[in-house]
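J.: Next come the chains, spelled out residue by residue.
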Amino acid sequence: MIKINHIELEQNYWTVFQADNLNDLLTIAQRIGEVIPSRKNSNDLIDTLTIKSKNAANPKSLSALYGDKDFPFHTDGAYLTEPPKYVILRSPKLIRNCPTIICKPIFTTADKKNLMKNVWLVNGGRGKFYTSMLEENNNDYRIRFDLNCMRPALADFKSSADIMASAISISDNQEINWNANQCIIFNNWKLLHSRADATNSSDRILERIWIKN
Amino acid sequence: MDWKHDLLWNKSKVNAYTAHQQDKTTHFFPLWCSIALETLSRATLAFVHPSLLADPTKGSNILYVFGFYNEKEPAKSVPIKTVFDRLTKIIVPFTMKEYDICMNFMERRNRELHSGGAAFEDYPPKVWLADFYRICNILITFQKKEMKDWLSDDDAKIALEMIKKDYNKIKATVKKLITTHKDDFYRKPKADQKTLRAKAEKSHLFALHSIRVYSSHILCPACKSKALSADRLQGLTNHILKVRKLLDKFQYFQQSFIVGLVN
Chain A
1 MIKINHIELE QNYWTVFQAD NLNDLLTIAQ RIGEVIPSRK NSNDLIDTLT
51 IKSKNAANPK SLSALYGDKD FPFHTDGAYL TEPPKYVILR SPKLIRNCPT
101 IICKPIFTTA DKKNLMKNVW LVNGGRGKFY TSMLEENNND YRIRFDLNCM
151 RPALADFKSS ADIMASAISI SDNQEINWNA NQCIIFNNWK LLHSRADATN
201 SSDRILERIW IKN
Chain B
1 MDWKHDLLWN KSKVNAYTAH QQDKTTHFFP LWCSIALETL SRATLAFVHP
51 SLLADPTKGS NILYVFGFYN EKEPAKSVPI KTVFDRLTKI IVPFTMKEYD
101 ICMNFMERRN RELHSGGAAF EDYPPKVWLA DFYRICNILI TFQKKEMKDW
151 LSDDDAKIAL EMIKKDYNKI KATVKKLITT HKDDFYRKPK ADQKTLRAKA
201 EKSHLFALHS IRVYSSHILC PACKSKALSA DRLQGLTNHI LKVRKLLDKF
251 QYFQQSFIVG LVN
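Sequence order for the protein chains is A and B.
Position one of the first sequence corresponds to residue 1 (my numbering), numbered consecutively onward.
Position one of the second sequence corresponds to residue 1 (my numbering), numbered consecutively onward.
Because the hints were derived from the structure by calculation, they are not lab data.
Some hints here could point you the wrong way.
Straight-line C-alpha distance at most 30 Å; calculated DSBU-like pairs for lysine-lysine [claimed, not checked]: (1) A:K52 <-> A:K40; (2) B:K171 <-> B:K148; (3) A:K212 <-> A:K3; (4) A:K40 <-> A:K158; (5) B:K4 <-> A:K190; (6) B:K169 <-> B:K97; (7) B:K144 <-> A:K85; (8) A:K60 <-> B:K72; (9) B:K171 <-> B:K157; (10) A:K190 <-> A:K112; (11) B:K157 <-> A:K113; (12) B:K169 <-> A:K40; (13) A:K212 <-> A:K40; (14) B:K144 <-> A:K212; (15) B:K165 <-> A:K113; (16) A:K158 <-> B:K157; (17) B:K188 <-> B:K226; (18) B:K144 <-> A:K158.
Here are some chain B residues pointing at chain A (derived, C-beta under 8 Å) [as the list claims (entries may be wrong)]: (19) Y17; (20) T18; (21) D149; (22) S152.
The beta-carbon is built from N, C-alpha and C at its ideal position, and this holds for glycine as well.
Based on the sequences and whatever the hints tell you, model everything.
T.: Here you go:
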């Protein structure tokens, strides 16, 4: 029986839990919202994330740029006009020394204003469009951040990257170390995440589910 | 679906910033402003609902708005003339006057793009910029945003200053008109003033029947005859219950002033 602490998810934007069975996990995810495939031209609702060298990776992926080195902080699906709200990650087995890092960036009011105002161009292979790193969403905001598929639409707007870097640097990051069958669900509209250096964890495997809203 | 409000709003902002990076003495400035105005106008319709942008001549254009898209049949949006026409029906301060100004601007833009003529030459900002900012401000505030959300802080400050000055210009013109007519009226002999007032009374009564918009009875600020201020309904506030009577509070947007003596 999978138990997700929804109060913790609501308040902290992330929570960890255990799931032995992948089908049960998918069922739980579908109760939270619409589960969407993350790969283009694929209907698979569960992704398997492995460590890949730069050469072996999909050219549009982070692995193609960083290989097994640290991934920078980002939000998932930033190249979609509507990125997934929740991401579930599950580790089928124990992973040593390669945590996922969760970051809740701290913004001042002025930061928020600038991040909402500055326009960035998204080009991640699913259509090009203009957006901002902080988007208004029902009197709240949603973060969209992936410098690998986003660039300032004009030079006037480039300060957003520095604002985000500064917000990340002062935030209190959380390391998620992976035990067997451990899962995390996090709000992808509020938190950034990254992967630590995986040079010594080449057998690291994570399963991933995207929930639209 | 490319007609989402956020996408169009952000694009219009990029166009507005690009416009303000141009040399304001060249044709590039009005050209980019016209592009910014078009995307901002489309964003305004999308703010109400993206389906307002769908060309109604083909059903597939409406389906596109709701996510049913056929790549072989690209979706077509309404022409800019229709966009402005729809805005006159949606935003009260966006009247036929604003429609005409926008269409004039777009016709120049089309001449610039479709002909060998230099449509934006000899078209200095002092002729059109205040109107441009004023109209953009109408569209921006309708989207619950501010000028400084659309332009850089410095350009937004200038734009708002220009709108204010333009408003003051209208105020000064109206004041001058009232003074001129007041002088004209009181210089006439008392008997003539009486006759004219009687005539105004009659005209006022006839005007009552011809007015199809909301109007209120006032005294002419120049000659003090009975007059009508004709307005367009801007909004209806919440119902107010007052001693067994349900009252509606109306808000008007004053458009014209009618009196027998003063035009």
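J.: Each hint: holds or not?
T.: How the hints compare with the structure:
no.: 1; hint: A:K52 <-> A:K40; result: holds (19 Å)
no.: 2; hint: B:K171 <-> B:K148; result: holds (25 Å)
no.: 3; hint: A:K212 <-> A:K3; result: holds (20 Å)
no.: 4; hint: A:K40 <-> A:K158; result: holds (29 Å)
no.: 5; hint: B:K4 <-> A:K190; result: holds (22 Å)
no.: 6; hint: B:K169 <-> B:K97; result: holds (17 Å)
no.: 7; hint: B:K144 <-> A:K85; result: holds (25 Å)
no.: 8; hint: A:K60 <-> B:K72; result: holds (26 Å)
no.: 9; hint: B:K171 <-> B:K157; result: holds (21 Å)
no.: 10; hint: A:K190 <-> A:K112; result: holds (13 Å)
no.: 11; hint: B:K157 <-> A:K113; result: holds (17 Å)
no.: 12; hint: B:K169 <-> A:K40; result: violated (57 Å)
no.: 13; hint: A:K212 <-> A:K40; result: holds (15 Å)
no.: 14; hint: B:K144 <-> A:K212; result: holds (27 Å)
no.: 15; hint: B:K165 <-> A:K113; result: holds (28 Å)
no.: 16; hint: A:K158 <-> B:K157; result: holds (22 Å)
no.: 17; hint: B:K188 <-> B:K226; result: holds (18 Å)
no.: 18; hint: B:K144 <-> A:K158; result: holds (25 Å)
no.: 19; hint: Y17; result: holds (5 Å)
no.: 20; hint: T18; result: holds (7 Å)
no.: 21; hint: D149; result: holds (6 Å)
no.: 22; hint: S152; result: holds (7 Å)
Comparing the model with each earlier hint shows a violation of hint 12 alone; every other hint is respected.
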